[in-house]
Structure formats: structure tokens, C-alpha cells
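Go by the hints and put chain B onto chain A.
Okay, here's what each chain looks like letter by letter:
Number of protein chains: 2
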Amino acid sequence: MASQADLVEKHRATIEQAIEAWRSRTFFAHWAEVPSGKVYGESAAADGKARFDAQLGKPFDRLLHDQAQSWHGEEESPYGFALGISYPVHSPDVLVANAQRAQRAWSALTPWERAAVLVEALQQSAAIFFELAHATQHTTGQGFVMAFQASGPHAFDRALEAIAAGVWTQEAFATSADWVKPLGKATVRLSKRYRIRPRGVNVTIGCSTFPVWNSVPGMFASLVTGAATIAKAHPKVVYPIALVVGALQQALDRLGFNPHLVQLAVPTPYEPMTQALVGTDGVGTVDYTGSAAFGDQLERFCAEHGIVCFTEKSGVNPVLVESVESLDAALENLAFSICLYSSQMCTAPQNIFVPAAGVAERSSGRTVPLEEFIARCVSAIDALVQNEKVGPGTLGAIQSPATLDRIERARTLGVPILRDSAPIVQPEYPNARTATPLVLRGDTRLRAQYEHEWFGPIAFVVPVASFEHGLEEMTSSVRRCGVLSTLVYTTDGSLQSAAEEALLAAGAPVAFNFSGPVWINQSAAFSDFHGTAATRAGNASFTDVAFVASRYSVVGTRCGE
Amino acid sequence: MASQADLVEKHRATIEQAIEAWRSRTFFAHWAEVPSGKVYGESAAADGKARFDAQLGKPFDRLLHDQAQSWHGEEESPYGFALGISYPVHSPDVLVANAQRAQRAWSALTPWERAAVLVEALQQSAAIFFELAHATQHTTGQGFVMAFQASGPHAFDRALEAIAAGVWTQEAFATSADWVKPLGKATVRLSKRYRIRPRGVNVTIGCSTFPVWNSVPGMFASLVTGAATIAKAHPKVVYPIALVVGALQQALDRLGFNPHLVQLAVPTPYEPMTQALVGTDGVGTVDYTGSAAFGDQLERFCAEHGIVCFTEKSGVNPVLVESVESLDAALENLAFSICLYSSQMCTAPQNIFVPAAGVAERSSGRTVPLEEFIARCVSAIDALVQNEKVGPGTLGAIQSPATLDRIERARTLGVPILRDSAPIVQPEYPNARTATPLVLRGDTRLRAQYEHEWFGPIAFVVPVASFEHGLEEMTSSVRRCGVLSTLVYTTDGSLQSAAEEALLAAGAPVAFNFSGPVWINQSAAFSDFHGTAATRAGNASFTDVAFVASRYSVVGTRCGE
Numbered sequence: 001m002a003s004q005a006d007l008v009e010k011h012r013a014t015i016e017q018a019i020e021a022w023r024s025r026t027f028f029a030h031w032a033e034v035p036s037g038k039v040y041g042e043s044a045a046a047d048g049k050a051r052f053d054a055q056l057g058k059p060f061d062r063l064l065h066d067q068a069q070s071w072h073g074e075e076e077s078p079y080g081f082a083l084g085i086s087y088p089v090h091s092p093d094v095l096v097a098n099a100q101r102a103q104r105a106w107s108a109l110t111p112w113e114r115a116a117v118l119v120e121a122l123q124q125s126a127a128i129f130f131e132l133a134h135a136t137q138h139t140t141g142q143g144f145v146m147a148f149q150a151s152g153p154h155a156f157d158r159a160l161e162a163i164a165a166g167v168w169t170q171e172a173f174a175t176s177a178d179w180v181k182p183l184g185k186a187t188v189r190l191s192k193r194y195r196i197r198p199r200g201v202n203v204t205i206g207c208s209t210f211p212v213w214n215s216v217p218g219m220f221a222s223l224v225t226g227a228a229t230i231a232k233a234h235p236k237v238v239y240p241i242a243l244v245v246g247a248l249q250q251a252l253d254r255l256g257f258n259p260h261l262v263q264l265a266v267p268t269p270y271e272p273m274t275q276a277l278v279g280t281d282g283v284g285t286v287d288y289t290g291s292a293a294f295g296d297q298l299e300r301f302c303a304e305h306g307i308v309c310f311t312e313k314s315g316v317n318p319v320l321v322e323s324v325e326s327l328d329a330a331l332e333n334l335a336f337s338i339c340l341y342s343s344q345m346c347t348a349p350q351n352i353f354v355p356a357a358g359v360a361e362r363s364s365g366r367t368v369p370l371e372e373f374i375a376r377c378v379s380a381i382d383a384l385v386q387n388e389k390v391g392p393g394t395l396g397a398i399q400s401p402a403t404l405d406r407i408e409r410a411r412t413l414g415v416p417i418l419r420d421s422a423p424i425v426q427p428e429y430p431n432a433r434t435a436t437p438l439v440l441r442g443d444t445r446l447r448a449q450y451e452h453e454w455f456g457p458i459a460f461v462v463p464v465a466s467f468e469h470g471l472e473e474m475t476s477s478v479r480r481c482g483v484l485s486t487l488v489y490t491t492d493g494s495l496q497s498a499a500e501e502a503l504l505a506a507g508a509p510v511a512f513n514f515s516g517p518v519w520i521n522q523s524a525a526f527s528d529f530h531g532t533a534a535t536r537a538g539n540a541s542f543t544d545v546a547f548v549a550s551r552y553s554v555v556g557t558r559c560g561e
Numbered sequence: 001m002a003s004q005a006d007l008v009e010k011h012r013a014t015i016e017q018a019i020e021a022w023r024s025r026t027f028f029a030h031w032a033e034v035p036s037g038k039v040y041g042e043s044a045a046a047d048g049k050a051r052f053d054a055q056l057g058k059p060f061d062r063l064l065h066d067q068a069q070s071w072h073g074e075e076e077s078p079y080g081f082a083l084g085i086s087y088p089v090h091s092p093d094v095l096v097a098n099a100q101r102a103q104r105a106w107s108a109l110t111p112w113e114r115a116a117v118l119v120e121a122l123q124q125s126a127a128i129f130f131e132l133a134h135a136t137q138h139t140t141g142q143g144f145v146m147a148f149q150a151s152g153p154h155a156f157d158r159a160l161e162a163i164a165a166g167v168w169t170q171e172a173f174a175t176s177a178d179w180v181k182p183l184g185k186a187t188v189r190l191s192k193r194y195r196i197r198p199r200g201v202n203v204t205i206g207c208s209t210f211p212v213w214n215s216v217p218g219m220f221a222s223l224v225t226g227a228a229t230i231a232k233a234h235p236k237v238v239y240p241i242a243l244v245v246g247a248l249q250q251a252l253d254r255l256g257f258n259p260h261l262v263q264l265a266v267p268t269p270y271e272p273m274t275q276a277l278v279g280t281d282g283v284g285t286v287d288y289t290g291s292a293a294f295g296d297q298l299e300r301f302c303a304e305h306g307i308v309c310f311t312e313k314s315g316v317n318p319v320l321v322e323s324v325e326s327l328d329a330a331l332e333n334l335a336f337s338i339c340l341y342s343s344q345m346c347t348a349p350q351n352i353f354v355p356a357a358g359v360a361e362r363s364s365g366r367t368v369p370l371e372e373f374i375a376r377c378v379s380a381i382d383a384l385v386q387n388e389k390v391g392p393g394t395l396g397a398i399q400s401p402a403t404l405d406r407i408e409r410a411r412t413l414g415v416p417i418l419r420d421s422a423p424i425v426q427p428e429y430p431n432a433r434t435a436t437p438l439v440l441r442g443d444t445r446l447r448a449q450y451e452h453e454w455f456g457p458i459a460f461v462v463p464v465a466s467f468e469h470g471l472e473e474m475t476s477s478v479r480r481c482g483v484l485s486t487l488v489y490t491t492d493g494s495l496q497s498a499a500e501e502a503l504l505a506a507g508a509p510v511a512f513n514f515s516g517p518v519w520i521n522q523s524a525a526f527s528d529f530h531g532t533a534a535t536r537a538g539n540a541s542f543t544d545v546a547f548v549a550s551r552y553s554v555v556g557t558r559c560g561e
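One line per chain: the protein sequences are A and B, in this order. Counting with our numbering, you get residues 1 to 561 for the letters of the first sequence. Counting with our numbering, you get residues 1 to 561 for the letters of the second sequence.
In case anyone wonders, no lab produced these hints; they're calculated from the structure. Errors might be hidden in some of the hints.
Intra- or inter-copy, both count: the list cannot distinguish identical chains.
With a straight-line Cα cutoff of 27 angstroms, these simulated DSS-like cross-link-like pairs (lysine-lysine) come out [unchecked claim]:
(1) K49 x K38
(2) K181 x K389
(3) K10 x K38
(4) K38 x K58
(5) K236 x K58
(6) K236 x K10
(7) K389 x K38
(8) K38 x K181
(9) K49 x K236
(10) K181 x K49
(11) K49 x K389
(12) K192 x K181
Isolated chain A (complex conformation) (with noise of 0.2 angstroms):
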């Protein structure tokens, strides 16, 4: 057992660095994201396949818990087979008397010891990265690359870096002071101790798409600055979230640290655990990725109770093409973007503003009309979506059944379909729930049409009158709807400033023409802040100073002489 010194010595240059990078934005990433044998062990692949096989249609055995109250377990791949594991189930009061137990020596420990602990144990973790990548992939339906990459290397970045965030932020103050107080020709004296204090347990909330990405930064944000977590799953979407933790605890037991610093909660049709780990005595932050509805919910109820809430609930993602290098570098970057896990991300594009005078082509020098766009466009999803090699591991699987109703809905709008959605073939899984993207036509005249998030690949193309009108129209959709990115393209700097002012003035990140292997769902660890913070789309940053600064307080002593 490494002595807390020791793991601190092992880990500060890491720390040191992503703090740096964290800081400059530069690019950073701790873990490799390619899920080659070459970084990762040449069994690990085999042996992650094995393991996850292994662990079809038994129960989930790696938590470190006491008896279980109970089993469940209801998860079935979006790629069509059961999986069969049941998870073990407690009540949220024995939850959240666990975490109060290990919290309390947890928090006596430096930020840097904290740090160094976490580091180390995520560092161990990060043998289960090809388990997890199955374990996503037939849980949220994504590709099996991306699901390595975002279950793996990208949410370990993301939880380092708001161990990196933590750091910095709990240093801003001294833990002692000599205060001498000059009065007069005499002074007088106290010394004081300040010391950080967790608001309180932290429970965050998984979501059905990105269980781990999603979940990851706030419980590190609230382990590094002295809380236990508990990490509440999707009832869908268990398994890698299990996998992350039970990997956690065990490395914690092996450093010597109580295990239960994190645990699972697992909902069941009778607990469905969030609104009641919520309302248990003891829980002071929530972290929540969901719908707006339930998100407004919580965050009401969380303001009444004196617990801290961030959110990242549903937006609506602009995009507005005015004039490109090349169109069919935009465009191909823009299929992709909308073709990527179906876009079933909260990032993901929805609605384009072109112009009805057409999209100015500087490589061409040649204007092309709103209907040649439009049918580029939906030429470069079908060669994504017709591309045997690329096309089934970008679109994946459709997690949730009601995003097909949800396609259903679209297309019976009663709108121009410009490109309809079809099942696609995914070789392996003749059962998988699959869905190319519906295209459809909009009209700013009904922006109720499209002016709200329809979850899933759908999106609409919609005509405006000019630059002006189509940012006017975003900005006013950032304002009523929030948004997690938008995307603008324009080879002109004076309409590229008019963008960036009033898309900041609106609280929404932006983007801009982009065209090579970067896509607008993407949100890279260090340097993008994934949420602003400052439209309706939640009141959470991935990773500012906020997103730490509000889980403790930092409480004084003074003592007289």
C-alpha cells in the first residue's frame, strides 16, 4: 500500500500537466484514444471481449458493497440481444450512510493527496477500457471505436481534468494564517486554520447516451474536493457505469481508502432512486444530464433544499452555412456530424440556416443554389450512410425505442422530406434497432416545427432571407430553446465577428467552418468547455471554476491568544 506522499511524488507532473493544459487549452489527453494493442496490451482487446461475454446473463459481482437488498437488471442491446446481468440494489438511505462514513476521512486529506489517490485509481481503472467499450456499445447503441473512445480515454480525460480543475481551484487559499492586526502602536493577534468542507454527498444522475462521459466530471469534481459520489444509472444503461465503478472501488480498497467514496445506484421499476437519493439527508450537490423537464424539476427542488445542482438538459443545435472554401469539405464534415451514433448527442446539429440565394463557393468562385445544397447534402449523408466500411460503426444503434417514434413523429409532419430515414444494416446484429437520418424541410414561419430538440437523427434545412435573418434566427433560438453548439460558416471576417458577438451575447459556444476530421459533437477535454453554463440548455460547464468552486466551502477557525 503506497503511502498517500508517495502516490502524490508518483502522480504531480500529471497533475502538474493538465492543470497546465487545463489552464492554456492547448491540446491534452492523458490516455490514448486509439484502442490499439500497441498502447493498451496486445490481449486487451481479446481479453476485454472475453470479459464482457463472460459477464452476459450473470449477475454484476465486481462492487464492493454488503449484501445487496436485492438484483435487477433490465438492460437489452440497442444492437437486439438481452444482455441479462442484474446489478446489486440498496435503498438510498444505506447509499448515502455509506458515503457519509467514507467521506469523512476523505475529506481530511489535502486536494493534492485526494488528487494523486484519484489519479492512481483511475490509472488502474483503465484496464477495463475494452470491456467498457463493449458494455457501452450494447447499452447506448454507439459504434464499438467511439464507445472505447468516449467510455474510455475521452471521460477519463475529462474526469482527470476536473481533478486538474480541483487542484488549482481549492489552492486559491492558504490552510493558515498569522493574522496581526496593527492597532494603534500595539496590535493583536490571531491564528487562524481554514479548511475545506464538502457541501455534502454528490449524486449524479447517468444518462442513456453517454453514461460515463456525462457522469464522470462531476463525480470527480466532487471526490477531489472531499465528497463521496454516487453514481445513479440509467435503468437502461447500467452496465459501464457499474464497470467504471467497480473499478474504482477496488482500486481504492487497494490503496487503503473506503471503497464506498463511490457507489452505484441502481433504479428498479419500484426505487426509481433519483428523486429519493435526492431528498435523503446528507446529499449536498446533484450532477444531472437529462431531459429539460425532469432538469427543471430537480434543479427547483434542489434550490428549496439547499443542495448545489448542475445540469446539462436538452438544447437545440443551429447551424448556418452563408459561403465555404469548398462545399464539399463543409458538407462532408456536416454529414459526418449528423450521421455520427445517429446523432443521439446532445452536441449534435439539428437545424441549418441557408440562405434562399444559395451558398457562395470560394473554391469555385461560384454561388450554389439553396437546391443543389440541399441535394449535396443529402448526397454526402448517403455516401456515410452507403459506405459499408464507415457507415454502420458511425451511425450505430438507436438506443431508446421512442427515438424511433420519435423518427415516426417527424415524418409525418406533414413537412418536405428531403431525405427519409431507413433502417441500416449493422453486418454483426441482424436485430439491431438502427436509423439513417430524416432530413426534412423547414420553414422559419413554423419554427414550432423545429424549435425543439428532436433527439435522434433528425434534422431540417431551413431557408432564410440572408446572413442577417439566419443568425437572427439562431441567436433567438439559443435564447428560447439553449443550445450545446453551434456551427457557423461564412469566408467572410465581418460577418464571422457579427456571428461570434451575437452568438456570445446569446451564451452559446460557437464554431466555425469546420471541415476536417473535427466535428461539432466533439468536445475535447482541456480545451472546450462542453455547456456554457448560460442558456436554458443547463447551468453546468465542463470543467470551469464554477463546476468545482461550488461543492465546499472553505470554513474558518480563529483562535485568540
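Then chain B, alone, in the frame of chain A:
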């Protein structure tokens, strides 16, 4: 008109010193707390008095507003005369629209530029300190010296502290980055920018007892992070904050900035302002000092409307006296705390727990029986009350008639009166509304009698079975009622540690063995956090990182190549 760069150079050292003090928590004061001609100019005192006298009975015309919609004023000095001052009234929508206009250019400055302008504005505004002292005395009822310190140097230091906190926190992130991600043998490159975006216009709801000290932290934390602020005054206590707003506006105007960055909202019987202001579109943050009932309601409203709300609500402050070095020294300190401004302070001690077996005094080697403790405590209060030189100035006058009613309610609770309340003569003011401390005997079996805030000069001595019992009563009171200060007297190191751990766990700030010229009611800028944000007494702490970080977003822009 100085350039921004000149101002940054002029105030760089002050801001750096302030940041250093804020981080190291050592003694720091930028403005001298002594109302001395040597510091503030030989004529400053007389000039301030003359300006005060000249203002009485007249419209307050020192605010840089457009034509007022109406004029209103209803202030009366607790020392027994009407002020007869009227203030310009503007509707909430006019104030918020003004603020939004002013905010646009302001939020585009760098944090250092904003900080330098604000320090310059504060320095220029310090010229009002003496008039401000009279204005504060004759609205709040504070004694003159306290009024000078609380609204002048101590408040301005809290404002400077908020500026320092804002600069440090906003420097977390680079303002641009060249993001280069390796992709195998190739790389992908994005150019990124990061900009500070305030959540929206700030509304600061002032209180009747500390109209400046409690308001400037939120106002300056908002200003330094790019927002405009509207100070909503208490209807009976407008003059002090009107003076501050007027001085800041004039300084901003001289410096070439829109004076509507800081505005005054004057409530009238027809428009109490708070709800209308907070409900106006464009408001992003609210700071509130006041009652728990209204504060709870405001927190809920803000949660429902996506507004970040910082509160300081009422608490109940306990003291535990187990053992002392010198009982006289301890009681002199405690008596002063109870008498200071007639306990009209959120940090004043209320419930004094004392072991029934008495208090051990080290210097004499004897245990002082409970009844003797009570008698000497009453004597210490009497000695101060009857001290003609310092008594009247220390106690001051009673801000609200409701406090006299409260004293009457407490007197008729039916519990033993250990010391009765009575008026105290304020030599220059025969009609002053005054009251000396009422001391009652509490009983832990009848906790409801003393376990709510008895705002004003009302204290309870509550016998407990032991130190442990007293500590348990303290911590459970903290959990039930919230707290702004706690004070423990013990000469036993292990008891001190036990108390520190238990009170920290409950979220309370702690003080031990105060017996010199520092009192538990005091909270020193740069060193003491005011409010822990961890109890029912409020969610804000002057001035921790969360107090500034939650006021703005960092919004990113990504540009493809």
C-alpha cells in the same frame, strides 16, 4: 481621462497586494479604519458633517440618471428625527435596460482593465466616507465610529477583496489557444478563443443594518466579472447606498465609462422593487441579505428562472463557555459582542451555553459556579452600558421599531430574566430609539424558545450538563437554524479539537477563546470568510472562489483552418 492601460499600471500593485492577501489570508487593509483627519484630511470630518446637514430635507440629486419617474423617501433616523430626503425612482425595466446597455462595452474589457477602473472609482469615492458615516448612523442606528468603519473602509476593503477574487479567478484560463491534435502522422489544428460572459445584470438587495458592507461584495464581484449592477435599497435605509452609488457613478463618468454600470433602485409603497427587478428579463445574478423567509422564496424563484442567487439569511449564533484563562477578560469580550450595535448584527452571539457545574478559570485555579458566571456576565454588560464614554456609542440606536417589539415579546416569554433591557441615553439625541441587552435564562428542554433568531439585544444563557452536551446543542442548533458565527471558550486542547471537528462538520465557522480587542461579530476582509455557504444561514461566502466564479461563463469559439 486616463487610458485603461494607465489605470492598470497605476493600480497593479494594489490589486496584486490584494490578491496576495486574499490568498494568504493575512491582515490587509487598503483604507485606514480610523476616522482621522491625519488620514482623510483635516477638513474631511467637518466637510462630511456639513454635506450631511445640507442634504437633510432635500432631494438627493447626485445620481447620474435620466429624468426620474418620481421621487420618494421615507427615512427616519433611529436617533429620533426624519431625514426628509427623497430619491429618484426609476422602474425596473428602465434600470435593467440601462444596465444592459452599459454592460455591453464593459464586458468586453479584460478583467485587469475592469479591476483597475473599479479600484480607481473606489479610491475617488472614498472622499464620501465622513458623510457616509453620518448617513449610516442616521439610518441604521450604528454609533458614529462603527458607521464610519462599517460603511467606509471595511466595506471598501470588502469591495477590493471581491475585485481581487474576480481577477484571480478569471485568470484561470488563457484567452486563446492554438489547439493541435496529433492524428497518427498528421495533425489537426483549430484556433480557439475564450471569452468571459457575465450571466446577466446583477441585482443586489440591501439590508437595513449594513446597507453598504453587505451589498458591495456582490456588486463588485459582479462588476469585475463584466456585469452591471443595480443596488436595491431597503426603503428605510437608502441614503448610505445612494451616496456610494452616486460617488461610483460620478467616478465612472469622469473615467469615460457609462455610469449606469452602477444604479440605485429605490422602493416605494407602490413598487417594492425586489420581485419586479428579479423578474425582469436580462437579470442573471441576485445578491440578497435579509430574512430567511424572503430569502428562501427568492432562491426558489431564481432556480425556476435560471438566475444565480447568492444569499445571506438569518442564523442563530451559539457560544459555549467551558473553561477560560481569565473569566473577566472573556466576559469583557463577550459583553462587548452582545452590546455592539445592540446585537443588530447577523454575527452577534445569542445563545450562551454554560455547564451547570460552572466554568473553570485557569488563572485563579477555581471553578466559577454557574450563578456566579451569570452575575459576572450581567455585570460586564452593565459596566459597558453604564460607561458614559463608550456605552452609547457602542450600543447605538435600534434601527427598527420591530426590534423593540421583539424585546417585549422576549421579556414576556415567561422565562427567568437575568438582565432586563432598558433605554440608554444618547446624549445628543433625546428621542433616540434605544435598548440595552435583555439576558434570559434558557432551558434545553424548551429549545424552541431560543432556537430562532431573536434579532437585536436579546441573549440567552443556557445551562448544559457538560461540555459534550453543550457542543451537541451547538451543532444541532447549527444544523437546524444555520449560523454566521460560533465561539467556544476552552483551555483544553482536546476539547478544542473536538469542537472544531464537530462544528466544521456542521458547516459553522469557529472561534476560540476571544478575550482581546477582536470580537466574534467582526469579520475581516481578506482573512475571514463571512458566511460559510454551508448552513441554512445562506449559500454565499464573502469572498470565496464560488462567489465570483458562478457569475460568468467562459465561452469558447473554435475556428477551423
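> Are the CA atoms of K10 and K38 at most 27 angstroms apart within a copy, between copies, both, or neither?
Replying inline: within (23 angstroms within a copy, 57 angstroms between copies)
>> Regarding K236 and K58, is the shortest C-alpha distance of 27 angstroms or less found within a copy, between copies, in both, or in neither?
In response: So K236 and K58 pass the 27 angstroms test inside one copy only (16 angstroms; across, 70 angstroms).
> Can you tell me if K389 and K38 fall within 27 angstroms by alpha carbon in one copy, between copies, both or neither?
Replying inline: For K389 and K38, only the intra-copy Cα distance (23 angstroms) is at most 27 angstroms; the inter-copy one is 83 angstroms.
>> Checking an output row: K236 and K10, CA cutoff 27 angstroms. Within, between, both or neither?
In response: Answer is neither; intra-copy 38 angstroms and inter-copy 61 angstroms both fail.
> Can you tell me if K192 and K181 fall within 27 angstroms by alpha carbon in one copy, between copies, both or neither?
Replying inline: This pair counts as within: shortest intra-copy Cα distance 13 angstroms, inter-copy 46 angstroms.
> Given a CA cutoff of 27 angstroms, do K49 and K236 count as a within-copy pair, a between-copy pair, both, or neither?
Replying inline: within (21 angstroms within a copy, 72 angstroms between copies)
> Taking 27 angstroms as the upper bound on the Cα-Cα distance, should K49 and K389 be classified as within, between, both, or neither?
Replying inline: within (21 angstroms within a copy, 85 angstroms between copies)
> At most 27 angstroms between C-alpha atoms: does K181 with K389 qualify within a copy, between copies, both, or neither?
Replying inline: This pair counts as between: shortest inter-copy Cα distance 25 angstroms, intra-copy 73 angstroms.
>> Reference check for the pair K49 and K38, CA-CA at most 27 angstroms: within, between, both, or neither?
In response: within (17 angstroms within a copy, 81 angstroms between copies)
> Is it within a copy, between copies, both, or neither that the alpha carbon of K181 lies no farther than 27 angstroms from that of K49?
Replying inline: For K181 and K49, neither the intra-copy (66 angstroms) nor the inter-copy (29 angstroms) Cα distance is at most 27 angstroms.
> At most 27 angstroms between C-alpha atoms: does K38 with K58 qualify within a copy, between copies, both, or neither?
Replying inline: neither (31 angstroms within a copy, 82 angstroms between copies)
> Quick one: K38 to K181, C-alpha cut-off 27 angstroms, is that within a copy, between copies, both, or neither?
Replying inline: Answer is between: at 19 angstroms across copies they meet the 27 angstroms cutoff, but 62 angstroms inside does not.
Checked against the numbered hints listed earlier, the structure breaks hints 4, 6, 10; every other hint is satisfied.
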